[in-house]
Amino acid sequence: MTRDRKVGLGAMALLLLALASYPYLGTSGYQVSIASTVLIAAILASTVNFLAADGGMASLGHGAIAGAAAYGAGWASLQGHSMATQIALAMVVGILVTTVYGVLSMRTNGIYFLMVTLALGMVVFGLAYRLSSVTRGENGITGIERPEVLAEPWAFYLFLVGCFAVTTAALWVVSRSPFGATLRGIRDSESRMRSLGYYVPAYKLGAFMISGTIASLAGLLAVWHTHFVSPSATELGRSVLLIVMVLLGGLGTTLGPLVGAAIVILVENVVSNSVERWPTVLGLIFILTILFARAGLVGSAAKVLRRRRRGTDAGEPDTAEPAGLTTTTTIP
Amino acid sequence: MFEPVFLAQQALNGLSFGALLFLLASGLTLVFGLQRIVNLAHGAFYMLGGYIGLVIATLTGNLLLAVVVAMIAVGVTAFVVEVGLLRFVRGQEMPEVLLTIGVMFVVADLCLAIFGGDPKTLPAAASIQGAMSIGGLIYPWYRIFVIGVAVVIGIALALVQTKTRVGAIVRAGVDDRETISAMGVNIGWVFTGMFVVGGALAALSGTIGSGVISVRPGIQNEVLMYALVVIILGGLGSIKGAAVGAVLIGLIDAFAKAWIPELAYFTIFAPMALVLVFRPSGLFGRAT
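Sequence order for the protein chains is A and B. Per our numbering, the first sequence starts with residue 13, numbered consecutively. Per our numbering, the second sequence starts with residue 8, numbered consecutively.
Certain hints may be false.
Facing chain A, a subset of chain B residues (Cβ under 7 Å, in silico) [said to hold, decoys possible]:
1. Leu235
2. Phe276
3. Pro287
What the simulated footprint calls covered on chain A by chain B, stretch by stretch (three residues with Cβ under 8 Å from a Cβ of chain B suffice, anywhere in the stretch; the number is not a length) [said to hold, decoys possible]:
4. 20-30
5. 141-147
6. 217-223
7. 248-258
None of these hints come from the bench; they were simulated from the model. A quick note: this is a predicted structure, and the numbers were derived from the prediction, not measured. Glycine included, C-beta positions come from ideal geometry on N, C-alpha and C.
Using the sequences and the accompanying hints, generate a full structural model.
This is the structure we're talking about:
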């Protein structure tokens, strides 16, 4: 085990401990609820992070995938189905939507991929809005309960910490596996990987399925948190926020999504209460992030740490900069 | 449901909506052809153009003046965005595209702040009144006018592209940026110019379109989705593709809205899906 990895694991364990002890530190119900929102957003953002950093595929449709899964649970709850059916339906709908996304986008890359996921996300939003016999249109579906074991807010929060740990670990493992290495190869040069004999679309589809499945889980968790789903859950703004979180936290970093989610959710909660023009603020944050902070907070911090350490020992070579959002597009 | 008059009416609906989509998508596809970026603020430019056009049309009752003012105002906005923001990330496609999303949010939200949240349509005074009547078919002249505008603009764009020096420079920029800049053309300003033209086209479609679809908050996403589907279908960067894609999507959308209104969004997505699976570069797109 390298030193970097030991430090990383230690930091992760400490963070999880801190996260898990949060509800016992005399926090109010509101604070625990915000923290739950952050964790759910972090799970969702980490799926976008995985695709963008390892696959070079910046998705603007993950909010809609999560929303579709939430609608699956909502519809089942509306029909009075059991909890198991609700969970199953949420995952089935989410994975189904993911499959459509994946199949349609697997032969595209770069901007084309972005546009396809964007257009599909808008189709999901349109369906949520107009297919009112299933989705109840603009009013949305209310009264969606979570399992009784998780009824208490703190229990649900601890469950979310567990979910976050498991999904982050899972994405970490996938990213370090040969599959992840192949994905990065495709990100850096699709033609090279093709001539090496890799069937590129299959890898892209695989990556999308992994990412979308976890995004569906996040959608289910979100609806368990708010007990409510409406078309706004599938809005483009949601997916844009995910990209903001990923960029702010640091593309390709393990903890970036959590840091980014925490910042965005806190700003959203503080700002949208006091300022009427929240979308303008969001747009400006987004523009400033892209212009000035593309390495993100965790990314920049890691770079500073590495540089400082290199003064004392030889250290390891810099891991390659994640190139997910700077790669060039080749039109298929 | 299948009476000839009904079918003719829906076909005209489809054609006029397709004409509007063409006006909208042509700006997007031209900018992409040259700069290799998709301006995701295009829908917001449409919205801004629509609102400004409506204000002028309400004040003066003159549609032409409304269109011109809207095109100039949005053109200036596009200029500021290009020179003030996009230039700093030139050549890095993803940041460029993501920046336009930020612009979209700001512009759309400021439109809401300035023009309010009520849906607005072109006032009757500035619109073209009356309806064409052939046999049992009655159809508003305004929508026929939209088709005419799209045809004129389409032909004008094609002529400028193929017959003029400016068009030659743009085509050269599409094919080989290095060579054209080595020949003494300041390609940076060509980019800026094209971005402004794209914004002006969005404003044109916004103002003309306000007589067909009301301008309201959220319209920026809706028209952006249509425009994206059109150019994915037709092939990025191709005017011909935009025209074919727009008519196709317009017709499909009109008939779907008449026959299966609940699935209206879903049906325009079907042809896009087919094209993506079998011809990912679009019907008229060039593989590079």
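| task | Return the numbers of the hints above that this structure violates; sort them in rising order. | result | Failing hints, ascending: 4, 6.
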